[in-house]
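*Asks:* Each chain is listed here by its residues.
2 protein chains.
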Amino acid sequence: MTGTAKVLAISGGVGGAKLALGLANELEPEALAVLVNTADDFRHLGLQICPDIDTLLYTLSGRSNRSLGWGLEGESWQVMKALEELGGETWFRLGDNDLATHLWRTARLAAGESLSSVTRGLAQRMGVKVGILPMSDDSVSTVVHSDEGDLAFQHYFVRRQCEPQVSGFSFRGIEQASPSSELLQLLDSGQVAAVVICPSNPFVSVDPVLQLPGLWQKIAALQVPVVAVSPILAGQAVKGPAAKMLGELGQEVSAEAVMRHYSTHYPGFIDTFVIDQSDAALADQVADLGVSVAVTDTLMKSLDDKRRLARFVLSRAGH
Amino acid sequence: MTGTAKVLAISGGVGGAKLALGLANELEPEALAVLVNTADDFRHLGLQICPDIDTLLYTLSGRSNRSLGWGLEGESWQVMKALEELGGETWFRLGDNDLATHLWRTARLAAGESLSSVTRGLAQRMGVKVGILPMSDDSVSTVVHSDEGDLAFQHYFVRRQCEPQVSGFSFRGIEQASPSSELLQLLDSGQVAAVVICPSNPFVSVDPVLQLPGLWQKIAALQVPVVAVSPILAGQAVKGPAAKMLGELGQEVSAEAVMRHYSTHYPGFIDTFVIDQSDAALADQVADLGVSVAVTDTLMKSLDDKRRLARFVLSRAGH
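Protein chains in written order, with the numbering used here: chain A, 1 to 319; chain B, 1 to 319.
To be clear, the hints were calculated from the coordinates, so they are not data collected in a lab.
Where hints are given, some of them may not hold.
Since copy identity is lost for identical chains, a pair holds within one copy or between any two.
In silico DSBU-like cross-links for lysine-lysine, where the CA-CA straight-line distance does not exceed 35 Å [claimed, not checked]:
(1) K239 x K301
(2) K129 x K239
(3) K301 x K81
Whenever a hint applies, use it, and build me the whole structure from the sequences.
*Replies:* Here you go:
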C-alpha cells in the first residue's frame, strides 16, 4: 500500500451526503474519497446539472440549504422568477447561486474538460478538500419504468414528485460507460482500505454506480471491508422514494429487503450491513443473507449524529 | 400586393433598435418587421446568446436599461456574483433577468425549434407585437481580423472592449447559411413596401445581413424604396466602434465613407441616404455616389427624437 489509506464512500444525494459529512469530520481529507452517482445528471435549459455531485459539494462545503433539503443556503431566485414570467420550465428549481455552479460546469465541459476534472475544480473553489469522484465521465441516465411509461429520472423525481408507480429502472448508456479514470487509478493505487455504501437509494443511487461495467467486481477484488448502511429504518425511508419503490416493486419495505437486493445483485460484496436500532428484531433474518449485521442509531439529524454514525461505520470497517 | 404593406427595417443592436423603436411608435405593429443581425450570436457558458435580437426585444418591450445602454432595466446580478466567486468567466455580464431569456431560448433551441420560432415566442411573451426576424436560422459568426489575430466578435467587442486594431471581418458559415424562411416568405409576399437600413454598424451589423447568399439582390429586386441612415455623424459614431473601424480600415471617418462602403458592396441598392444636419456640407459628395441625400437631425436621445427620425425616414421611403 502506498500513500494514505483511504475510505471510499459510495453516495447518492442527500442521505449519502449526510454520512459523507460525518466521515469528512472524522477523517483527514486525504483519507476519504466520495464516489458519487451521476445517473441523475441531466441537461436542462442548456446546462449540465449534476444533482448528487452538487449535493456533496454543497454539503461538504457547509453551504447546503438544510431547511429545503437541497440547494444552497441563503439562495435567491431571481432567474427562476424571470423564467416563470416568460412561461419557461421552472419545475426544476435552480437558484441564482446554484446556477453559477451549472454555468461554470457547462462552460468547462464545453471546453473539453472531463466531469472528474470539472468536479475537482469546483471542489477546490468551494474549499472542499475531500475527493469527490463522479462515477464516470461518460453519460449514464437513469430511466424509471412506471405506470406512466418510461420517465427520465428528474421528470419522475422532481417534476412528478415520485408519484408514478415504478416497475423497474434501467441505466441508459451504462454498457458503454467506464468508471472514471480517477476512480480506476484510486482502485489500482492500493490505497483503498475500506468501502462504505452510504444510506442512499439502492435502486437509483447505488445501483448505477455498482453496475458500471466491472466496477463492483473490481472493488470486491480489493478484499477490503465493505460496510453498507440501510437507507430504510422502521419500514420507512428518511427522505426520498426508496420505501415507496420497494413497495411498488412488490418487496417488503424493510432494511432486510435492501440487503436482499444487494446480496442478489452483488453476491458476497457487502461484509457488514448497518441497520437502525428500531430494526434490531430483523438482525437475525438479515444475517441469514450472509452478512455481519451491526445495529446502531442510524438517524442523522445533527452533525453529532453524523459523526457518531461515521465513527460506528468506520469501526466496523476496521478503522 | 396582399395584406398590410410593411416596412422592413434592418438592424443591429443599440443604434438600430433606437430607430426601430421610433418606427414601432409610428406604424401599426403589423406594418413593421425588423430584420436582425445574428452574426454576433454566440454560445457562452452553455447558453445561446443573441445580443442584437435581445436588444430589439428589450427595447421594443420598453424594458431596456437606458443608463447601461444594454441589458434590462432593474436588473440584478446574483448569478454573476456567484460565478465570480467561483472564478468563472464574467467578462460578458449576464443579469439574472437576462439569463432567463437565454435559458428559455437555449431550452427551445435544444428541443429543435428554429431561432425564428424561438424569437417569435419570446416576443409574444414580452408583449412585442412587431415582427422580429433573425436574419437566418443557421449559424453565422463574425470573425474580427485584428492585430491580435482573429477574434470571435464578442471577444473583440466585450472582452477586449474594441481595443484591437481591425483589418477586416469575415462571417463564418455565411456561405452555407440561408435567410430565414420567415424572411423569405415575407419578401415573397409582396407586402414589403419599403426598406430601412437603421444607423447600425455597416461592417458588423448590416454587412452580415446583406451578405447572406442572394439576400440583398432579392431585396433589391422588390424595387421598393431603400433608405439608409448613417451611423456616423460629424465624424463620430454615437455608440460602438463604427468610427474606430473606419479609421483602422484606412477610410475617412464620415457619413460619406459609410455610403461609399454600401455603394461599393451593394451597388444601386440604396435609394436614399440620410445624414445628420451636422454633415450637411457632405451632401453633394454623398450624392455623387449615386443616391438621394436627405439631411436631418439624426441624433436620437428622447423617444420624440426617435419618432421624429422615424417619420422623416418613412416620408423618404414614400410613406
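*Asks:* Is it within a copy, between copies, both, or neither that the alpha carbon of K129 lies no farther than 35 Å from that of K239?
*Replies:* This pair counts as within: shortest intra-copy Cα distance 27 Å, inter-copy 48 Å.
*Asks:* For K239 vs K301, is the C-alpha pair at or below 35 Å within one copy, between two copies, both, or neither?
*Replies:* The answer is within: 12 Å in one copy meets 35 Å, while 58 Å across copies does not.
*Asks:* 35 Å Cα cut-off: does K301 pair with K81 within a copy, between copies, both or neither?
*Replies:* both (32 Å within a copy, 32 Å between copies)
Hint compliance for this structure: no hint is broken.
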